[in-house]
Amino acid sequence: MKLGLSKRQVALIALALAVAIVLPFAFDARGYTIRILCLGLLFAAMAQAWNIVGGLANQMSLGHAAFFGIGAYTSTLLLIHFGISPWLGLIASGVLGGVAAFAISLPTMRLRGHYFALATLAFGEVMRVIGNSWSDLTGGPVGISVPFAKPSFVMFQFADTRTYYWLMLAAFIVVTAVFVAIKHSRTGYRLQAIKENADAAEVIGVDTTRTKIIAAIVSGALTACLGTFYAQFQYFFDPDTVFGVASVSIRVAMIAIVGGIGTAAGPLLGALFVIPLEEAANQVFSAQVAGLAQLVFGTLLIIVILVEPRGFIVLWQRLVARRKPGGPS
Amino acid sequence: MTTPLLEIEGISKRFGGLAALSDVTAHVARGEIVGLIGPNGAGKTTLFSALVGLHRPNAGTIRLNGKNLVGLKPHKVAAAGMVKTFQNIALFLDSTVLDNVLIGGLMRHSVEDARELARRCLDRVGIGAIADKFAHNLSFPERARVEVARALCTEPQILLLDEAMAALNPVEMDEFLKLLRDLRGEGLTLVVVEHHMRAIMSLCERIIVLNFGQVIATGTPQQVSRDPDVVRAYLGRSAA
Amino acid sequence: MAVIQAILDGIMIGGVYAVISLVFGVMGIINFAQAEFLMLGMFVAYYAWAWLGLDPLIAAPLAFVVVFALGAVVHQLMIRRVLQAPVVAQIFLTVGLLIVLENAALVMFGSSFRSVTTPYQTSALQVGELFVSVPYLAAFLMSVACGVALWLFMRASWFGRAMRATAQDPMAARLMGINADAMHRLAFALGVALTAFGGAVILPYLTVSPTVGGQFVVLMFTVVVLGGLGSVAGAVVGGLAVGIIQSLSALAFPIQLQNLVLFVVFIAVLALRPEGLLGGSR
Numbered sequence: 001m002k003l004g005l006s007k008r009q010v011a012l013i014a015l016a017l018a019v020a021i022v023l024p025f026a027f028d029a030r031g032y033t034i035r036i037l038c039l040g041l042l043f044a045a046m047a048q049a050w051n052i053v054g055g056l057a058n059q060m061s062l063g064h065a066a067f068f069g070i071g072a073y074t075s076t077l078l079l080i081h082f083g084i085s086p087w088l089g090l091i092a093s094g095v096l097g098g099v100a101a102f103a104i105s106l107p108t109m110r111l112r113g114h115y116f117a118l119a120t121l122a123f124g125e126v127m128r129v130i131g132n133s134w135s136d137l138t139g140g141p142v143g144i145s146v147p148f149a150k151p152s153f154v155m156f157q158f159a160d161t162r163t164y165y166w167l168m169l170a171a172f173i174v175v176t177a178v179f180v181a182i183k184h185s186r187t188g189y190r191l192q193a194i195k196e197n198a199d200a201a202e203v204i205g206v207d208t209t210r211t212k213i214i215a216a217i218v219s220g221a222l223t224a225c226l227g228t229f230y231a232q233f234q235y236f237f238d239p240d241t242v243f244g245v246a247s248v249s250i251r252v253a254m255i256a257i258v259g260g261i262g263t264a265a266g267p268l269l270g271a272l273f274v275i276p277l278e279e280a281a282n283q284v285f286s287a288q289v290a291g292l293a294q295l296v297f298g299t300l301l302i303i304v305i306l307v308e309p310r311g312f313i314v315l316w317q318r319l320v321a322r323r324k325p326g327g328p329s
Numbered sequence: 001m002t003t004p005l006l007e008i009e010g011i012s013k014r015f016g017g018l019a020a021l022s023d024v025t026a027h028v029a030r031g032e033i034v035g036l037i038g039p040n041g042a043g044k045t046t047l048f049s050a051l052v053g054l055h056r057p058n059a060g061t062i063r064l065n066g067k068n069l070v071g072l073k074p075h076k077v078a079a080a081g082m083v084k085t086f087q088n089i090a091l092f093l094d095s096t097v098l099d100n101v102l103i104g105g106l107m108r109h110s111v112e113d114a115r116e117l118a119r120r121c122l123d124r125v126g127i128g129a130i131a132d133k134f135a136h137n138l139s140f141p142e143r144a145r146v147e148v149a150r151a152l153c154t155e156p157q158i159l160l161l162d163e164a165m166a167a168l169n170p171v172e173m174d175e176f177l178k179l180l181r182d183l184r185g186e187g188l189t190l191v192v193v194e195h196h197m198r199a200i201m202s203l204c205e206r207i208i209v210l211n212f213g214q215v216i217a218t219g220t221p222q223q224v225s226r227d228p229d230v231v232r233a234y235l236g237r238s239a240a
Numbered sequence: 001m002a003v004i005q006a007i008l009d010g011i012m013i014g015g016v017y018a019v020i021s022l023v024f025g026v027m028g029i030i031n032f033a034q035a036e037f038l039m040l041g042m043f044v045a046y047y048a049w050a051w052l053g054l055d056p057l058i059a060a061p062l063a064f065v066v067v068f069a070l071g072a073v074v075h076q077l078m079i080r081r082v083l084q085a086p087v088v089a090q091i092f093l094t095v096g097l098l099i100v101l102e103n104a105a106l107v108m109f110g111s112s113f114r115s116v117t118t119p120y121q122t123s124a125l126q127v128g129e130l131f132v133s134v135p136y137l138a139a140f141l142m143s144v145a146c147g148v149a150l151w152l153f154m155r156a157s158w159f160g161r162a163m164r165a166t167a168q169d170p171m172a173a174r175l176m177g178i179n180a181d182a183m184h185r186l187a188f189a190l191g192v193a194l195t196a197f198g199g200a201v202i203l204p205y206l207t208v209s210p211t212v213g214g215q216f217v218v219l220m221f222t223v224v225v226l227g228g229l230g231s232v233a234g235a236v237v238g239g240l241a242v243g244i245i246q247s248l249s250a251l252a253f254p255i256q257l258q259n260l261v262l263f264v265v266f267i268a269v270l271a272l273r274p275e276g277l278l279g280g281s282r
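Chains as they are written, first to last, in my numbering: chain B, 1 to 329; chain S, 1 to 240; chain D, 1 to 282.
Keep in mind that the hints were calculated from the coordinates and are not lab data. Errors might be hidden in some of the hints.
Stated by the list, open to error - Which chain B residues stay away from chain S? Per the calculated CB distances, all over 10 Å, these:
#, residue
1, LEU5
2, LEU12
3, LEU23
4, PHE27
5, ARG35
6, TYR115
7, PRO141
8, PRO151
9, VAL154
10, ALA170
11, ALA201
12, ILE204
13, ILE213
14, ALA321
Claimed, not checked - Pairs of lysine-lysine, PhoX-like flavour, derived with a Cα cap of 25 Å:
#, chain 1, residue 1, chain 2, residue 2
15, S, LYS133, B, LYS195
16, S, LYS133, B, LYS7
17, S, LYS76, B, LYS195
18, B, LYS195, S, LYS178
We put the CB at the ideal spot given by N, CA and C, even for glycine.
Next up, chain B with everything else stripped away, as it sits in the complex:
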């Protein structure tokens, strides 16, 4: 597999990775900053999983909360009712997430553009309604708690927030590796072709349906696994949070778009910008008026779309190109 990275880029990635690994030592192990970093990495990973469908296949899913919530509930319910380790629950989450993605793919596969977004939005809402209504299973709107255990790796519970940080970092790296691998595989090339002209791709031998379903399943399965990470990190959640349109579906899509849709670095850039900004806005405004932080968030989305819908990465490239008149225009 050729990734087409220059030596300089490889060195840069290695350096970033080294910094990312030692970064937690700079912060209080039980503090607030490290929790924000954890969430940032988690959402970067989710945006990366969304990127497989949204960025590579150009299918604007607004329903990824469905997979996320399925993952969070699957491992938690297995833990509560059967005492199954969340690591095994993680596998179950991935399988169920993949199955759910396959199921929603069948009716939505032929849809394009706005219609796909609408259908996936409705699917996410279906899951939220089910989560709220099926109280016997989910505990309903009051939410559900992950039972506390003695901190251990097996139980996916840790006293030190830094451990979560490293796990989230690993999760992000794994999802990114999957994204990059897909992008440079036959499936990736096919997705690119489908994105640009589905009929032409089909005529020269691309099984468009199968290719899109593969992308959807991988994306859904990874998102569900990250749902388990979220559950184990937060210890408590409710249907409106994990199945939420604004709290999950729109947010992960937005992170990928703000950073740079379809690129491997975009989700990380987007998450490192959006999540701390949200937290800061919450800190500053929340005490005064509800909604102000979200208002900032929506305004930002509109500005990015109007200024450069391909995100920060392209914005950055344009700036660099302007600095170096000899560079690629």
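Given the structure of chain B, go ahead and fit chains S and D onto it with the hints provided.
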């Protein structure tokens, strides 16, 4: 006589109440270059779309090497060995020329092998030098050749060209015709839709004429150009 | 009898749904923030009642005018700029607008639920064994009147004809000297203004809060998807169908699962007939 490579039997296609194709029957032998002509709206592009599975015909059969293709999706038709190019040229504009062509090779090869094959296909159509250009930066003659290279990369037995020469000037067209003759010389079977009569008359040994979705004549260029039905179709009722 | 009563109620609320969805998506852009304009219409009517003592039915034209102006501004500043942009920009621009409008309302009006009191609020007409709720009937009649007025406008006025021409073939319309940009703005503003009008007339039997739009998003999409995007007849059929589906499912399911029925219908229609139930007849 051996069985033809492509057998089209009684194909009909309706859109709503409109019959785009009615009872079209035609055969193409292996190694032939066949021209498909007819006035605007005669059903040429619809026939191509039906052949490769983009439209499902309401009736009739399409056989390639004796295997029925009706009901197969386009990618299965491509796997069976028949591809078409698009009338308005449907390149993947945000990809490089090489990546455009490479997609065709993925059906039977890994990415690496498809890339090698794509390079050979680009060289074959004489545009190896522009492999790394982005498709949206290309001139019309280049685009037409990329379409052909992409189709070749699927390693087809029969290639359907839908007005691939539409935007070419006479010199470019002559070069393109030479390419098609060379490809045919290498064993490829071609069906060509074209408006330029000079091009089609010099290229094809057999011509099928469509009008209002029906085959009104088949024969050599000389036969067809003398056929009264064909003359009437092209010149309109007043000539009848 | 309960079923007939439910169908009657369904028609009453469905008529409103038809009108709020009437000019929705007519120009090829699906506005994810459409339901937020319904919320704004409800707030305009609420404050007209709270400050001026106006009945929401009387304030409905006011809601129409205010939101029409807002719609024109929003189009000028934002929507216009993404008409030629990739689909991701079109989708997430209006998604961003949804977030902004909802939270701007939260900031301005607070999160509490508000409702108006009207003399006819709890009254109902009895016809045989059936009851017709007066606020339902009033909202229905107002919507029908508004819908008919719009229909006449579209048929008879130069603006209406120009707008339809633009929707069908922007290029040809431009050649005829029609300013397609202005037509698009008019259509967008008209669409959100109608939605706001609908919001005002349903205020007598509903409560308003900044998050009320969320209840209507999928509902409105279902109406247009059922009927076929950009089709007036389709919106009427879709609206009535959604109203009836809703009130019939109310007989069988608790409130939350009613929405579930709607979502499932929505996904099924998208999957089976993406061009709408009347698709092809347009």
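A quick look at each hint next to the structure:
1. With a closest Cβ-Cβ approach of about 17 Å to chain S, LEU5/B is found to remain outside the 10 Å limit, as its non-interface label requires.
2. No Cβ of chain S comes within 10 Å of the Cβ of LEU12/B; the nearest lies about 24 Å off, and the non-interface call holds.
3. With 10 Å as the threshold on Cβ separation, the claim that LEU23/B sits away from chain S holds: the shortest Cβ distance comes to roughly 36 Å.
4. With a minimum CB-CB distance of about 41 Å to chain S, PHE27/B clears the 10 Å threshold, and the non-interface call stands.
5. At roughly 40 Å from the closest C-beta of chain S, the C-beta of ARG35/B stays outside 10 Å, upholding its exclusion from the interface.
6. The claim that TYR115/B lies off the interface holds: its Cβ sits roughly 20 Å from the closest Cβ of chain S, which is beyond the 10 Å cut-off.
7. Residue placement check: PRO141/B keeps its beta carbon more than 10 Å from all beta carbons of chain S (closest about 45 Å).
8. At the 10 Å boundary, the C-beta of PRO151/B stays outside the reach of chain S, the nearest C-beta of that chain being 45 Å off.
9. For VAL154/B, the non-interface assignment is confirmed: its Cβ lies about 40 Å from the closest Cβ of chain S, beyond the 10 Å cut-off.
10. For ALA170/B, the condition that its CB be more than 10 Å from all CB atoms of chain S holds, with the nearest at approximately 28 Å.
11. Not every beta carbon of chain S lies more than 10 Å from that of ALA201/B, the smallest distance being close to 7 Å; the non-interface claim is violated.
12. Distance check on ILE204/B: its Cβ comes as close as 4 Å (rounded) to a Cβ of chain S, failing to clear the 10 Å threshold; non-interface status is violated.
13. With a least beta-carbon separation of about 14 Å from chain S, ILE213/B lies farther than 10 Å from that chain, consistent with its non-interface assignment.
14. At roughly 16 Å, the least C-beta separation between ALA321/B and chain S is larger than 10 Å, which holds for a residue marked as non-interface.
15. With a CA separation close to 19 Å, the supplied pair LYS133/S and LYS195/B stays within the 25 Å bound.
16. With a CA separation close to 23 Å, the supplied pair LYS133/S and LYS7/B stays within the 25 Å bound.
17. For the given pair, LYS76/S sits about 20 Å from LYS195/B by alpha-carbon distance, which is consistent with the 25 Å threshold.
18. Annotation: proposed proximity of LYS195/B to LYS178/S is violated, straight-line Cα distance about 34 Å (limit 25 Å).
When the structure is compared with the earlier hints, violations turn up for hints 11, 12 and 18 and for no others.
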